[in-house]
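Next come the chains, spelled out residue by residue.
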Amino acid sequence: MRLELVKRQEHSRLMVVVSPILAITLTVILGGGIFALYGVSPLEGLYAFFIEPLNSYWSLEELLVKAGPLILIAVGLCVCFLSNTWNIGAEGQFTIGAIFGSIIPILYPEWTSGFALPAMILMGAIGGMLWASIPALLKTRFGTNEILSSLMLVYVAQYLLDYLVRGPWRDPDGFNFPESRIFDSAHVLPKFGDGRLHLGVLIAIVVAILIWFLLSKTLKGFEIKVLGQSPRAGRFAGFSSNRMVWFGFLLSGAFAGLAGVFEVSGSIEQLTPVISPGYGFTAIIVAFLGRLNPIAIIFAGLLLGLSYIGGEAAQVSLGISNKMTNVFQGMLLFFVLACDILIHYRVRLVNPREAGNDVA
Amino acid sequence: MPDELQTSGEDDHADYLIEARNISKQFGSTLANNCVNIAIKPGEIHALLGENGAGKSTLVKILYGALKASSGTLFWKGKPAEVSSPSAARKLGIGMVFQHFSLFDSLSVTENIALALPKGFKKKQLAEQIARVSHSYGLPLDPHALVADLPVGVRQRIEIVRCLLQNPDLIIMDEPTSVLTPQEAEQLFVTLKRLTDEGCSILYISHRLEEVQLICHNATIMRHGKVVHSCDPSKETAASLAQMMVGGEVHSITSHRQTATSKTLLEIDALSLEGSGPFSVSLKNISLQVQGGEVVAIAGIAGNGQGELFDVLSGETRLKDSYAIKYLGVPCGRRRVNARRRLGAAFVPEERLGHGAVPDMSLTENVLLTRHRSGDALVSAGMVNKSLCHALEARIIDEYDVRMAHPGSEAGALSGGNLQKFIVGRELDRRPRVMVINQPTWGVDAGAAALIRQSIIDLARSGAAVVVISQDLDEIYEVADRISVISRGQLSKAEPVATISREKIGLLMAGMAENQQDNEGPYAA
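Taken in sequence, the protein lines are chains A and B.
Numbering-wise (my numbering), the first sequence opens with residue 1 and increments by one.
Numbering-wise (my numbering), the second sequence opens with residue 1001 and increments by one.
Keep in mind that the hints were calculated from the coordinates and are not lab data.
The structure displayed is predicted, hence computed values, not measured ones.
Mixed in with the good hints there might be a few duds.
Each computed DSS-like pair below joins lysine-lysine, with the alpha-carbon atoms no more than 25 Å apart [said to hold, decoys possible]:
no., chain 1, residue 1, chain 2, residue 2
1, B, Lys1068, B, Lys1226
2, B, Lys1091, B, Lys1119
3, B, Lys1326, B, Lys1493
4, B, Lys1226, B, Lys1077
5, B, Lys1284, B, Lys1320
6, B, Lys1386, A, Lys217
7, B, Lys1386, A, Lys220
8, B, Lys1041, B, Lys1079
9, A, Lys7, B, Lys1068
Simulated coverage check for chain B against chain A, where a stretch passes if three residues somewhere in it have a Cβ under 8 Å from a Cβ of chain A [to be verified]:
no., region
10, 1331 to 1338
11, 1342 to 1352
12, 1362 to 1369
Where a beta carbon is used, it is the ideal one built from N, C-alpha and C, also for glycine.
Whole structure, please, built from the sequences with the hints as guidance.
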């Protein structure tokens, strides 16, 4: 007996919903197994990782702060991925967005008018777009694979940040620590609640709703999906693949850049060599777990946000390395992609003797 | 005649290298091969002729073990043989050179050949062997060259040498000259001659009748899945071969033909376009005028520039010269597809799934595909009016009898005929002034085909200009007022259907016209 995948005539609407749930279930089961290998009771481990962080108001707020950038970046990526453009470099666009957004608070700290903050946000978006336009240009002009070029630019961006905070942008009064000056209060995003929650989180959710509207109600949304599913039909409809590459990269770059400036001006309030726990990469998982649907991405973002604070919590309470976060994220992406097969295929048991040899 | 083959009696198997008897192959409801007989002698070049869809490929795949016959027997060197897979065929001594090469661009010649051979070859020895064999057959190859750097003709040599290294007794070649320049083809013929002198047989599939007459000793001609003739091509004329291929019977022509209104709605003027890749065809100096009220059919064998011509007419490929194409008198060569649609043009491409429709989208969404900017008000201020799309879909489904499993079906779930009715209906519903259809009934059931052909005629009679690109001569005779033939990117003059015979069409398809018009050397690719 062997397993065979048989193409469905139409995609299964049931599996569209079941697949992510199945993926999460499989991740939790395998995660429990890994806890057991560590010598920790699986139930205790999973509780510490996924439930305990939800028990306090402080960590709920922290969860939203972590989920904000994930949602914002993932919503941009979902437009990209739907149009079959593969921006893997959101982490780099995030970094450049943070750098551009920090130009005013670091180089012009005296400018504290009410326009400074909106200008910072705008510059963050522009930075992300600029960085994203490099792979877009290479792809549309030279046919370069955008997966590689966007990914490699991540490291360029990170080294640029590293150079700036260790070199020209280092805080003169900072005892030689590789950090920029701390932002003036006029350059910090408005905050809510107990103090960590900032405006960026709210904007992320508004953006998700806007993009949902764009995708489901407008001609642009239709264009995105047509070009993603069959470029030839898209050309027949009069849509341009090249322009879509630009649209996808600029939009996702702008959102990643926004996430970057929100992170430095809302959470960190200065530039440091490391400003992201891999938001740009984790957002790829968020986008797929959310079925490339902006509303579902909000929930997927919360779940992946939980994996960050869960990892920290498990480290504190169980003494398990917080690399567990990466393990969970990796497993989740793997299972999401694997379970997605079931949307277009069904699994059939085949008896090798019955299998025809019509096609050699 | 097939009868001749059958009379060759039980005892004569030994005369033939390979003999196929009463081979039938059923695909669903269609009989691709119907009691086919073919016999190839040692050392002969045997031509297999037929139009697209005549069943040649199916027969060849059965001989090469890539398909299993539903019934019938194969004899190899006089003994019944089972060819269960291509590797079994290779073990027997049957090699095949495919029309589209199966080579890895990033590997060297030697590496590509090593992949197809049984394990155990030393790379260095193999390279020497390749160099030796290829030179001795006049197909010089550099064993270390990278495939990506080689022109098409040399890539074909790799495929041939790969076959030769296994010392085959029979080589099957699927349209080997379709990708070659005349000079490369000449060289190939010399090699083939050498091979047959050594006793190797060749089954040669081609549309090019001159070639067949020149090099083949015997020919088997197929039509609609059956063998209709066997003959010695050198004793036939190209014209008689063409007639055997396309069939002699002339269909009665529908009587309501009328002279076209004199207004030219589509004008193509000296259109030329360089091909964009090794397998794409250059269009050369194409001119055609289509008047309101008439259907002009463009006949031709697949891959002679039909797809390229369609793309240029639809605006998916835009030209530099705006005046090469005029719709309703407006120069359109540089206009986009939707600008042409707004002028009143409509297009139906050959490929239904992935070109004319998006497979994973519903019909409602597929309505939007070609009509979002064609003046139907389906979109206002960037917002899609879904209920209007839905109403349009319902109208098309109703008027053109589109049947689907359940409301809201995805395009990919419809049968070929129903999807084609939808795609054609979507365009007809706009009441276009000019319509270009590529392969209107390719792979469509008879009922849907009749409905589509009738609507094409009705559209023309209502005053529109219609261009039908088709490989199906029966269809062409049914719908066309004038017929033109495309061959290697050149279009013959459109002639009234009453004055152009099937025989002449067959000759034009086989590239007879271009010899008179074009002596400038390498063509195609």
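Here is what the structure says about each hint:
no. : hint                  : result
1   : B:Lys1068 / B:Lys1226 : holds (17 Å)
2   : B:Lys1091 / B:Lys1119 : holds (14 Å)
3   : B:Lys1326 / B:Lys1493 : holds (18 Å)
4   : B:Lys1226 / B:Lys1077 : holds (24 Å)
5   : B:Lys1284 / B:Lys1320 : holds (15 Å)
6   : B:Lys1386 / A:Lys217  : holds (8 Å)
7   : B:Lys1386 / A:Lys220  : holds (14 Å)
8   : B:Lys1041 / B:Lys1079 : holds (14 Å)
9   : A:Lys7 / B:Lys1068    : holds (23 Å)
10  : 1331 to 1338          : holds (count 3)
11  : 1342 to 1352          : holds (count 3)
12  : 1362 to 1369          : holds (count 3)
Hint check: no violations occur; every hint is consistent with the structure.
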